[in-house]
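Residue numbers (UniProt numbering), protein chains in the order written: chain F, 1 to 343; chain V, 1 to 405.
Careful, some of the hints might be misleading.
[Stated by the list, open to error] Okay, derived cross-link-like pairs now, DSS-like style, lysine-lysine, Cα gap no bigger than 25 Å in a straight line:
no. : chain 1 : residue 1 : chain 2 : residue 2
1   : V       : K382      : F       : K150
2   : V       : K382      : V       : K349
3   : F       : K68       : F       : K79
4   : F       : K235      : F       : K128
5   : V       : K9        : V       : K349
6   : F       : K150      : V       : K9
The hints are simulated quantities; they were obtained by calculation from the structure and are not laboratory data.
Listed below are the residues making up each chain.
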Amino acid sequence: MDAIILQILNGLDKGSAYALIALGLTLIFGTLGVVNFAHGALFMIGAFVAVTVQRFLGFSFEQIDPDKTDFLGNPLKVKVTYVESWFGPEVGGTIVDWSVPVAVLVAIPIMLLVGFVMERGLIKHFYKRPHADQILVTFGLAIVLQELIKYFYGANPIQTPAPSAFKGSFDFGVLVGFDPNAIIYPYWRLVYFAFAVVVLGAVFAFLRFTTFGMVVRAGMADRETVGLLGINIDKRFTIMFGIAAAVAGIAGVMYTPILSPNYHMGMDFLVLSFVVVVVGGMGSLPGAVAAGFLLGILQSFASMNEIKSLIPGIDQVIIYLVAIIILLTRPRGLLGRAGVMED
Amino acid sequence: MKILGLSAKDTRFLLIVIFLTLATPILLQPFPEGSGLATFNAGYPDLMQRFAIFGIFAIGFNILFGLTGYLSFGHAAFLGVGSYTVVWMYKLLDYNVVWGLPLAVITSGIFALLIGFVSLRRSGIYFSILTLAFAQMSYNLAYSVLTPITNGETGLQVYSSDSQVLLGASEPTTPHFFGIVMRDNFWQPNFGGWQFTFNNGYYFTAIIAIIVFYISLRIFRSPFGLMLRAIKTNQTRLNYTGINTRPYTLAAFVISGMYAGLAGGLMAAMDPLAGAERMQWTASGEVVLMVILGGAGTLMGPILGAGFIKYFENIFSKINDQILQGWFSWMPDWLSGLLIEISHFFVGKSWHLTLGLLFMLVVIFLPGGLVEAGQRIARLFKKKPPENGGKGSDHHPQPAPHVAE
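Sequences are here, hints too, so could you generate the full structure?
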């Protein structure tokens, strides 16, 4: 039992990332009808916003410390970050420590902007082109973004630590009444899951309970009629594109303590997220989220030693296997509606 | 003049292709050794072999994607299967490629039959995702469970402990074709600074490339090819007229899979090594780029695209600071420094950026690829109002939407 709970927990953080990316992909597809292969790149850009923020907060200058001396008796020079000198060591130190959450705040406007520019500058011209063209042009864009990041940040993964309060692991099993040391779980993964739930909840609430969201949902169902009512639906869809980009971006920011950002992480996640979207059902938001968590958890179950010894190699292929089975038995995916991307 | 059942125009076209392929070692070596532009020479065996091999790969992919509009993101799997087959034949029999290559075509064909049978039940983006899923599965398995067959991360290669039952005492111990060693050059003339290399391996691949190009030409001109085009244009209508399109698409899928297997086998024939990274989805993406860049659905497009990408991959990634400084040395310092800084984005390790940009530009402005660009330029010179693309349009049909919708 404890092993099962541990695997479910292990699947949650990956599943959260899949769900967040897949949600954005589905939003873009549902509103604009565009298949966005550059969405993984947005996730990666978010992660590198975290790296940049961490570097900015780390900028420091040398200062003579009046209280300390080195072994020769001369005054000691210490490095002080600018943030600490502005806000005092207490507050400044906390800000530096909490660089990843700070980066979320920075990432939201940046990603919104990136999303707007992408949509207005490129995607707009591809509404009427075939889906294959959309796939190809966004695939090209993904390569360009990836190579730009590689150019500026290098090819090696960059460590981005979580705030020290959330470093390390804790004994989750004791909380729910298991033996000590049965279920050890890192703090940050739980934070990531909670964060994902909040973001997913916020997006769904936004679509469900605001007038703006209502108009967008109406537009997804019947774009033309909404346009005939005198509503500028294109503008709202652009904003939705920005929101989808921001969701992918902050998902990337928060993922950095789990996986050190590298330039190809976007592509790695993109392929899986596409599988997630298709499994969930093209155009279905709840489907994307459900499939994200489902596949994340299935993947972590498949990497259990007991299962691996039963079916060797299953951990490597489980996601694709599930995708193939679902596509062949339920052509619309788990929760897909009729008439989306059908021929 | 008509040969091999082709029309006069196609015969001329085929002869031009044969001439270009056979003369490649000369044509790609336009600058003398040691001159500042020698960097742009591409007439060395390794690169020319890759032109031919990826040309074959792209020609095959074009039969599926260009004619039927089915966008597969998993063709690299067949490439990998072909490579593994040929290396296994080296290990079991001997280094003669004559055993491995036909078997590579057969095994990848069987593989394509299985994957295609399942994937072709869906179309559009679902087909793309299914093929992608199959290819990624093969890739992941090749790295993990199938290590006894694929040798995992090390890559499959021949060890001295392998049986090699047919290996005679005097036989070469590198890939060869009845004694013609692939990596040897049969002629290396030097004409007043121009260095040409005529390589066995290149001519072996080139002759195979010409044969498979001829086959693809025949497929394009056959009723079967016409049927594939009809599937791309409007599959629903075909279904309404009572035609079952599945056998046709499956045949196209298997044929293109066999082309990929042949290309993979030839890769192993040039270098007796097979690794799983050949099956990764980025490799599948590369062949898509080649076909689109050249012009999907045209005969010349895939070859142009493959040559173009492989050429720039090699040349652009070879350009370093020293060469750049050589070019810009006549400029004032600040300008040459600036230009070198800007060039850094596009050459050396970041040539992928150039590729990505170029690819986007092609998709945005030239959906027909390089072939369409050529047609437009030709039209400019003819100064005639464009009516159906002029006379040359038989060879280069007008681009239709990529996916039947």
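Do the hints match the structure? See the list:
no.	hint	result
1	V/K382 <-> F/K150	violated (45 Å)
2	V/K382 <-> V/K349	violated (41 Å)
3	F/K68 <-> F/K79	holds (13 Å)
4	F/K235 <-> F/K128	holds (17 Å)
5	V/K9 <-> V/K349	violated (43 Å)
6	F/K150 <-> V/K9	violated (48 Å)
Of the numbered hints listed earlier, those contradicted by the structure are 1, 2, 5 and 6.
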